Each structure stands twice: as C-alpha cells, then as structure tokens.
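Asker: Grab the two chains, each in its own frame, and use the hints to assemble them into the complex.
Sequence order for the protein chains is H and W. Our numbering puts the first residue of the first sequence at 1, with every later residue one more than the last. Our numbering puts the first residue of the second sequence at 1, with every later residue one more than the last.
Mixed in with the good hints there might be a few duds.
[Unchecked claim] One-sided excerpt, in silico: chain H residues whose CB lies under 8 Å from chain W: (1) Thr23; (2) Tyr210; (3) Leu278; (4) Thr309.
[What the hints assert, rightly or not] Simulated pairs of lysine-lysine, DSS-like, Cα-Cα distance not exceeding 27 Å: (5) W:Lys191 <-> W:Lys181; (6) W:Lys181 <-> H:Lys119; (7) W:Lys290 <-> H:Lys311; (8) W:Lys181 <-> H:Lys203; (9) W:Lys81 <-> W:Lys152; (10) W:Lys237 <-> H:Lys311; (11) H:Lys12 <-> H:Lys168; (12) W:Lys152 <-> W:Lys39; (13) W:Lys113 <-> H:Lys154; (14) W:Lys95 <-> H:Lys99; (15) H:Lys99 <-> W:Lys113; (16) H:Lys233 <-> W:Lys81; (17) H:Lys154 <-> H:Lys99; (18) W:Lys40 <-> W:Lys150; (19) W:Lys191 <-> H:Lys99; (20) H:Lys233 <-> W:Lys290; (21) W:Lys187 <-> H:Lys99; (22) W:Lys187 <-> H:Lys203; (23) H:Lys320 <-> H:Lys233; (24) H:Lys233 <-> W:Lys212; (25) W:Lys181 <-> H:Lys99; (26) W:Lys40 <-> W:Lys95; (27) H:Lys233 <-> W:Lys237.
In case anyone wonders, no lab produced these hints; they're calculated from the structure. In this text the structure is predicted, and so the values were computed from the model without any measurement. Don't be surprised by glycine CBs; every beta carbon is placed ideally from N, CA and C.
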Amino acid sequence: MTESTAAERVFKCSNCNGPLNYTPESIVCVCEYCGTVNWFSTGRFDIFIIPTRTRDEVVKAFWNRMRNDPDMSRVYGDIEIVEAQGSYVPILLGDVSVKGGWVGFRRETEYRGKRAVTKTVVERGSFNTSLRLAVEARREASEYGLQELISQVKTVTAHPIESVDWKKIGLQVLNAEISPEEAIDELKDMAEDQMRESIRSSKRLDGFYYYSCESQVDSFWVVLAPLWSIVYKYRGGMYRASISGYNLQFLRVSEPVFLGQRVLYMIGAFLAILAGTLILPLTLFSGGDAPSLGFFIFILSCIAGLFLTRKSISDVREEKWK
Amino acid sequence: MSLRQLTCANCNATITAPQAASIVVCPYCGHTFEASTGKKWEYYMFPAYVDSASAWRKATQFILRRYGVPEDFNAEANLHKAELYNIPYHVFSCKAYSSCSYHGNQANYIEVKNMSILATRTGTWLDGFAETLSFSVRGRSFFNPNQAQKSKFYLPTLDYRQAYNTAYHFIVNQAMSEARKSCSGFKGVDKAEVNYLGLVHYPLWLMEYAYKGKVYRVLIDASGGRVIFVEYPLSTKSRTTMLIAATLMIIIGIVSGLLVSLLSPIGVLSGLLSSVIVSSPLLAKALSLKDRGSEAPTQRRLSSEAWSAVGALTSITGFRLPVLE
Numbered sequence: 001m002t003e004s005t006a007a008e009r010v011f012k013c014s015n016c017n018g019p020l021n022y023t024p025e026s027i028v029c030v031c032e033y034c035g036t037v038n039w040f041s042t043g044r045f046d047i048f049i050i051p052t053r054t055r056d057e058v059v060k061a062f063w064n065r066m067r068n069d070p071d072m073s074r075v076y077g078d079i080e081i082v083e084a085q086g087s088y089v090p091i092l093l094g095d096v097s098v099k100g101g102w103v104g105f106r107r108e109t110e111y112r113g114k115r116a117v118t119k120t121v122v123e124r125g126s127f128n129t130s131l132r133l134a135v136e137a138r139r140e141a142s143e144y145g146l147q148e149l150i151s152q153v154k155t156v157t158a159h160p161i162e163s164v165d166w167k168k169i170g171l172q173v174l175n176a177e178i179s180p181e182e183a184i185d186e187l188k189d190m191a192e193d194q195m196r197e198s199i200r201s202s203k204r205l206d207g208f209y210y211y212s213c214e215s216q217v218d219s220f221w222v223v224l225a226p227l228w229s230i231v232y233k234y235r236g237g238m239y240r241a242s243i244s245g246y247n248l249q250f251l252r253v254s255e256p257v258f259l260g261q262r263v264l265y266m267i268g269a270f271l272a273i274l275a276g277t278l279i280l281p282l283t284l285f286s287g288g289d290a291p292s293l294g295f296f297i298f299i300l301s302c303i304a305g306l307f308l309t310r311k312s313i314s315d316v317r318e319e320k321w322k
Numbered sequence: 001m002s003l004r005q006l007t008c009a010n011c012n013a014t015i016t017a018p019q020a021a022s023i024v025v026c027p028y029c030g031h032t033f034e035a036s037t038g039k040k041w042e043y044y045m046f047p048a049y050v051d052s053a054s055a056w057r058k059a060t061q062f063i064l065r066r067y068g069v070p071e072d073f074n075a076e077a078n079l080h081k082a083e084l085y086n087i088p089y090h091v092f093s094c095k096a097y098s099s100c101s102y103h104g105n106q107a108n109y110i111e112v113k114n115m116s117i118l119a120t121r122t123g124t125w126l127d128g129f130a131e132t133l134s135f136s137v138r139g140r141s142f143f144n145p146n147q148a149q150k151s152k153f154y155l156p157t158l159d160y161r162q163a164y165n166t167a168y169h170f171i172v173n174q175a176m177s178e179a180r181k182s183c184s185g186f187k188g189v190d191k192a193e194v195n196y197l198g199l200v201h202y203p204l205w206l207m208e209y210a211y212k213g214k215v216y217r218v219l220i221d222a223s224g225g226r227v228i229f230v231e232y233p234l235s236t237k238s239r240t241t242m243l244i245a246a247t248l249m250i251i252i253g254i255v256s257g258l259l260v261s262l263l264s265p266i267g268v269l270s271g272l273l274s275s276v277i278v279s280s281p282l283l284a285k286a287l288s289l290k291d292r293g294s295e296a297p298t299q300r301r302l303s304s305e306a307w308s309a310v311g312a313l314t315s316i317t318g319f320r321l322p323v324l325e
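Looking at chain W on its own, in the form it has when it is part of the complex (with noise of 0.2 Å):
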C-alpha cells in the first residue's frame, strides 16, 4: 500500500495515510477531513471499554464452556499476540416510502433502517468478520487519542459516496422487498432518504494463542465484550467419543435400513441417509483441525434453516403442514 505524508490542520501533527484513503482522522486531536478538499468531516468512535486482559479473559471463558476442550488447556493456552485494531465504518440513516395499487386501491409502506458500511479491508483475516458484525449505529462516542494511538488505526479507503449508494440501494430493496410481501398489484419505491451520519471506528482484539505448538485465532469485540470469533483445539478423548457415536449411528441406520429392505427395496438407503443426516455435526466436529465458536444465535439459524427446509418440501410435493386445531 502506498503511503503519502499530511498536516493535520488543528494541531499541525504529520500524519501518514494510505494513498487511497478518502478521508483522514488525525490519530492525536480527532480532526477529520477529506484528504482532497481539507473539509472538515462528521467522526466518531466507539470507546474500547474491554482492555486485553479482559479480552483474553473472555474467550478463555468462554472456551472452557464448550464440549471437548482439553482438560490442561488453561494451563497450556499461552496468548501471545493482542491487538486492538479500529476498523472504520461509514454510517447511515436510511427511511424509504413504498406505494403499491392493487385494483384502484392505493396502499403506503414506510421502512427505517440505521446501516453501517465496512470502509476499508485490513488485508487480515478479520476482514470477513467486520464486514458481517452488526453493531448499533447509536452508541458511538467521541475521539479518545489514547485508543487511537495505541492501536491499528485504520483509515477508509472506500469513499462515502460508493457507501451512501450502498446504503441507498440496500434500503429501496428493503423497501421493495417489504411491498412484495404485502402486495401483488403495481408497486415501486416513491423516496428514500440516506442521511449520512459520518465515519465511525469501531474497536476489536484481535488475538493469537499458541496450545501445544500450535496457533489458535480469537477476535473479540472490544466496546460490547461479544466474543465474535474463536478457535480452540479439542481434546483426543472428546474426538474419539464422537467417532464411536457417529459411527455407531450409521451402523443403527444400515442395520435397521436392512430390517427393512425385507419389505422394501428402498430400506438401506433411507437408513444410510438418515443416519448420515443426524451423525453429521458429530462427524464435523471430531474430524475438524480445530473447533470454532461464536457468541452469535446460532440456535436460531439453524431453526430457520430447518423451516426453508421444510418450505422447500411443501412446494414439491404440494403437500401442507398439517395444523393442529
């Protein structure tokens, strides 16, 4: 990445951005510009109320509640890399008014939404991540230079105008996609509006541990303590409990799949798929490297999972749920 060398105009400091970025923060007064005009920009940031310490206290908490981690591991864990990377968002405030006629009849939708856009890419794993995490769009703070100087201060490299078009067309599709579900007749998006409420830093620890030789990932949230992102190692007993249990469950299936290949050809396969279907998180989970972990619902994705399953097969073979009265 090339770099270039500016004055901040507040308290005259050097300060060295990438090339590409379109607007700078001064990482010891807060004074926020656009690199090419010099005006003065809308900042703020989240304040990192979670230090290292507490970070690494964290995500030991919560490995140690997982199933399979090793038994010696808080003994073995030994962090050997904290950073607290501030990851630059551009944020928006976006309403959108839908209309739709059905047979003469005139109905208004209104949908608001607060966004934040990822505004730069750190070249790191974490990249992924920040583009996903969802955090409020309120709750921001002002410029704090003790968390930006000790920190991976990143500035934006997307420019606010590809965001707000972002955010513009996210809120129209929203708004679209809300009259769909209300109406069949004519409909289109009359206004919207996307305000745009500045460049936010939002803070994360991004930290590596070595257990046993080897190298395990964590980011953490640094302002709202949420462990986003974990790797740890299981232990051998845990992943040999849970290849006897997998295997075991493909054994029932074929086994009983057989019983019933007396009485239809089909037996063996239905068994091998269902016991396949069930075992597989086990499967996954024993032969994997290393184990993950979030502090994100996933109990709630799965539940959705399960019901565009159940959607899909309704509209195959026509068949309706039947309903308990």
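If we strip away everything but chain H, and leave its shape as in the complex, we get (with noise of 0.2 Å):
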C-alpha cells in the first residue's frame, strides 16, 4: 500500500468549503473567504482583529506622502507602483507579571587634578509589575516593516474576529504558527530580557552582580495585524514601503539617495577629516585632562566620517516610524 503524499492533502474550511492555506506549522487558519477561524490544535488563544482601510486608500496615502516628501517629490513623475499587497499578519501579545531583585554596578570616573580615578558605585532595587510583550505568532522575520508594526499594536484596540464583517476587509491571513507553550515559554524569556535592559538603561548601569525575575504569564492572545507592502520602481531599481492598514501610517520606506544628497554626505566626512585632523594634537599638548577627549573626539569623528562615506556611496535610504 502506497501512502498518499503529504503534498495532495487539501485541508477545507468548515464554513464556506474554501481551500485553506495550511502547512504543517498551522496552528489555526483563518479562511481568507469567510473570515472563519479554523482550528488545527487542542490548545487554543483569543483571537482578535484590527480591520484595515481598503487598498484604495492604502495607494493614496502611498502616493500622498511621495507628493509631500522634500526629495520624492521631485522625482514624483518617475515611481511606478509595481505591486500593493496587504495582509494580516498574526501578532501575540501577552501581559506578563514580573517581579524580581537586582544588584547592580556602575563605574563612575572622576578628575582628582591631573589623575583620573575610577570608582565602582553598587545600586539596588527590586520590581513588581506587570508588562505587555508584543512578538510575531510566526517567524518569517523578512517581512519588511513588521517589527515597526509590532511596536504599534501593543494599544490599538482590537476587536473579537466574529464581530467584524469579513467581506469588507477580508485579506489574505497569515497563519499563527505559535502554539500556546511555546507562547509562554517565549513570553518568559522576553520578559525576562527586556525587564533587564530597560533597568540597565534607566540605571545606566555597567552590569549586574544580580538579577532575579520571576515571571508569570498571565493571559495572552493573538492579534491579526494588516500589513500592506507596496514595491515601486524608479529608473530601473526596486524600492519598497510598509503602510499599517488601520491608520496608513508608513512604517519604513526604502528611498533612492539622489545625487544632492551624495554630495553632501561627502561634505560631511570633508568635515569630519577636519575635525579628527585638529583635535587630537590640539588636545594633546594643552595639558590637564583634555587628551583622553581629545582622543575620543578623534575616534567619534573618524566613526562619522566613514559613515558619512558610506552613506554617500549606498543604495537607499531606510526610514523607519518611531
């Protein structure tokens, strides 16, 4: 007996009979057709949506922030849309209680004349509160502006997937591939991550002696998030740009670098050669604790300058949504 092979296995949605997209990672699907969600694991999660605009609205608001760009708007005439696609995009968020110790350093430095000493300064403190951690429920981390996504849909409001009417804004979905253990165990870890850092940096702390956090997740859900990618084309190369479809916000757009602006990045690493080229002997011949600035400002300047450099030699410009 021959065992059929796993490429002609064809997964139905239970509503409407329509072909799903299942692979072997699905968790659940949510059927492009009908909006119904389909389940393909025991361990289930909330699901929510974010509708989007409709493509109509996603193009202008392309084309609106070309017109009113200083530098794109010269060139206006010459992008062509090449293709405007969208979809949602599956996003687990998560509130996490976090609570711990730690005890941590910093190395401060201070002039005693001519003499610089460094003293290690202990701090401590403890935390107890409650984190909402946004992650992608799949991991395709090539999808350009996604990460800027993420950082918004942690507080928009998201609405039950059975409330929405799926015809207007149905799209194609993305399958959650992330199953609930995983989630937890992945939420933990992130807590745990980003609790550290954002103690350090508020600290600005050199390190720790200790750090304890124990974290518990206390619910979590995954959000369907509308992504539109649109490429466009200009004298022959290929750019692209990321739109959020709930407010048509750009969330990174790749820009040719014209030739304006090659000439003044080149200006600036003139500058920056200058700079490095001064400092460092006037520095170090004037005495008291000025050469050790003066070395760094050296390096600083030579750092920007060879960014300068590359800069006016590159291929696009990123821009990104804080």
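Answerer: See below:
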C-alpha cells in the first residue's frame, strides 16, 4: 500500500468549504474567503483583529507621502507602483507579571587634578509590575516593516474576529504558527530580557551582580494586524514601503539616494576629517584632562566620517516609524 | 563523492544517494528514511515561491539601485546559468534553564530558540552563505516532487546526532551567557531540552551572468525572495569619481595636518590617519574588481562595530561617555 504524499492533502474551511492555506506548522487557519477560524490544535487562544482600510486608501496614502516628501516629490512622475499587497499578520500579545530584585554596578570616573580615579557605585532595587509584550506569532522575520507594526499594535483596540464584516475587510491571513506552550516560554524569556535591559538603561548600569525575575504569563492572545507592502520602481531600481493598514502610517520606506544627498554626505565626511585632524594635536599638548577627551573626539569623528562616506555611496535611504 | 543505489520503500523508485548520506529523501514521493535502518523520518520542505525569471528580475532591480552600476547594465548583462539548489538543514527547537546563586539568593532564567543547522556541503561557493543563512524554522511546508526533481537536490551528509550536539552546545552557551549578563555569582545550566523537528530543504537560486566578457555571481532566496548575494560591475566613471574624492580627502588630511604640526608634532600623523580611515570605503569600492551587495542590513552591523569601538576606547582610557542630562 502506498500512502498518499503530503502534497495531496488539502484542508477545507469548515464553514464555506474554501481551500485553506494550511502548512504543517499551522495552529490555526483563518479562512480568506469568509473569515471563519479553523483550529488545528487542542490548545486554543483568543483571536482578535484590527480591521484594515481599503487598498485604494493605502495606495492613495502612498502617493500623498511621495508628493509631500521634499526629496521624492521632485521625481514624483518617475515613480511607478509595481505591487501593492496587504495581509493580516498574527501578533502574539501577552500580559506578563514580573517580580524580582537586582544588585547592579556603575563605574564612575572622577578627575582629581591630572589623575583620573575610577570608582564602582553599587545600586540595588526591586520591582513588581506587569508588562505588555508583543511578538510575531510566526517567524518569517523577512517581512518588511513588521517590527515597527508590532511596536504599534500593543496600544491599538482590536475586535473579536466574529464581530467584523469579513466581506469588507477580508485579506489574506498569515497563519499563526506558535502553540500556547511555546507562547508562554517565549513571553517569559522576553519579559526577563526586557526587564533587565530597561533597568540597565534607566539606571545607567554597567552590569549586574545579581538579577532575578520571576515571570508569570497572566494572559495572552493573538491579534491579526493589517500590514501593506508596496513595491515601487524608480529608474529601474526597486524600492519598498510598508504601511500599517489601520491608520495608514508609513512603517518603513526605502528611498533612492539622489546626487545632491551624496554630495552632502561627502561634504560631511570632509568636515569630519578636518575635525579629526585638528582636535587630537590641539588637545594633546594643552595639558589637563583634555588628552583622553581629544582622543575620544578623534575616534568619534573618524567613525562619523566613515559612516558618511559609506552613506555617500550607499544605494538606499531607510526611514522608519519611531 | 561515492554514490550508492537505494530503493524507496514507498514508491519503489531507485534513488541515487551519496555514500555519506545519513537520511535519504525520495525525490519522487518525498518518503524520508534513515539510510542505515530504513526508519521513517520527519521531513518538510520550504516551497520555492520565486521562479528563475522573477529571481533574476529581483537581482537586476537590486543591482540597478546600487551606486556606480554602468548605464548599459540592463542591455549588456546576460544570464547564462540559473540553478535551483535545495539545501538540507536539520532543525531543532531548543530550551534551556539556567540558575545562579548570589549571597544566598537564587535566580532562574529561561532561554528559548529555534535553530537550523546546515546538513551538507555542496562544494560550491554558496556553502559560506548557506551556513549563515537565517530563515524561519517555521514556514516549512509539505514535500513537492516538482521542486525536488527540477533542482539540485542535496541529501544530508551531516548526521542528525552531530547536529543535535551542536544545537545542544549552542543553547547551553546561550543560556550561560544570559546568566553571565544577569549575575556574578555561581551559575550553571540546570536543564536543556533540544527537540529534533526533522529535516528540511531550503531552496536557493544560484545564478551566473556575463557582462562584457566577465562572469558575475548571484544568490537569491527562492522561498523568501531576498537577495542574499550579488556581484556586479562598476562603471569607469564612478571608479574615477571615487578615486578623486578619496585622493582629495587624503590631501586635505595631510595639508590640514601640516598646518597643525606648527603647534604639535603629531599633526600630520593624525591628519593622515583620519583621512585614510574616512576614505577607506571609497578606496575599497573603487579598487575592487567586482562590487558586491546583499539585502542584509549592513547599517546595523556598522553601528554595532562603531559602538564596540567606543566601548574598547572607554575601557582603555577609563573615559566615560559624556551623558546628556
């Protein structure tokens, strides 16, 4: 007996019998045609949706931005949209209670005359709070603008998927591929790391002697958020923009680098060379605690110059939503 | 490479596999089994969504937006080789728990990660890229005979147990380094769980094109559509521009250095040093035979390099970054 190969298996929607976009990883498939939720696992979670605006509105928002952008408006007529595609991306949201304590240290340098003295300052504290975390519920990290969308989604109101009119807001839905058990581990790992980093940066610590964080996932759910991706062409080169479907905000956009910008970057690089050349010799022989400062500025201007030179021969400029 | 003939237990087809292949995937029906025991194996493949025409289009569109590409590139570049490679990876889901005690206090940490480990070497130049390729461990799909048969379909020569050990070491190290970041006390990894999720094939387009008698290479992610690597020619005009700019930079560095050297003897040195550093990307690009590019974010790498340079500096001189309050 030969068993049927996996490729022949087709999964159908329980409501409208339409074909589902099922892969072996799928935990749940939302039918593209009618919006019905089809489960493929026993562990379930709540699914909410943030409705998208229409394709026309998204495309219009793209042209508006290009028209109002000081650089892009000059080449407005040479831009051509190659593709505009939207999909609902599953994002896992969770409320995690974190409780713990920490002992950290910070090195501080004091100048006593010509001598620099470094001392270590110890600080300690504790926390007991709740974090709202968001992470993609699938792992194709290549989706352009997704990280920006995830950081927006935490505060947006989402609706139960049954309550929306699917005919109006239907789009391709990417499958959630994270099981409840994985979700809990992932959220705990994230909560630990995020809490530690936020303590480190807010207290300006150089490291920890001790850090403990007991995390408990109170609840988690999946939000389907609309992400639109536009591919456009300018003089044969291909560029991208991603737009969030619910507020038409530009999440990320890549734009060509124009000659004028290249020249500006280049001028900046020349200035950096001048700064680097002048500062080190001038401070090195003026005495006091200036030498280390001079050395520092020298390195900094070299790095800035290097960065500007690379920008002057780079291919795209990336702009991100913050 | 020595080969051997095997018979597929599912569809009876004859499969030619390398002697070293530990797991064999039948290219006709997808039946996957361990070569030594015949045991059935978990197997998936990443679908090649991108065909050769759109892969080539992506490559040229990517090249055309780069700086210094000759104007006749589109007319003169001729694609003469396009091969789909299906590269095997062992995939794992890993989890490790570490703990640390510090003056009687105990802290516990968790680390989770999905991992893919390259399961064979093709012996071509794409190996280096295949090793560092990052892709979602999820997103795999069922076997597709069409994709398997119309491609270079590689079987794994690295045993999954070896790959398992690598994954195990990796997650343990990762958990230890997390613990090290958090705690200075006595620490260790209490438990590590590594689950073998099976074998996958990931498709890549390996292409070659000629431009004015020279051959250039292209590597495209056939599943995600990313440009992993391209080589392309530079126009004489752009090379000249970059060389002139670099020379000007060095001249300005030396001249301003000479002026300062009236005050301090190291003026010329600092001028030369800063101008050579700043102009180095121009020189490197102008003097290279072929320029290279990739869709991977280079900017982030540059900024992290920059910050590690600053970090190194502060540790040498005991200087703290000035903080704006």
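Asker: Could you tell me which of the hints above the structure violates, numbers in ascending order?
Answerer: The structure conflicts with no hint, since it agrees with every one listed earlier.
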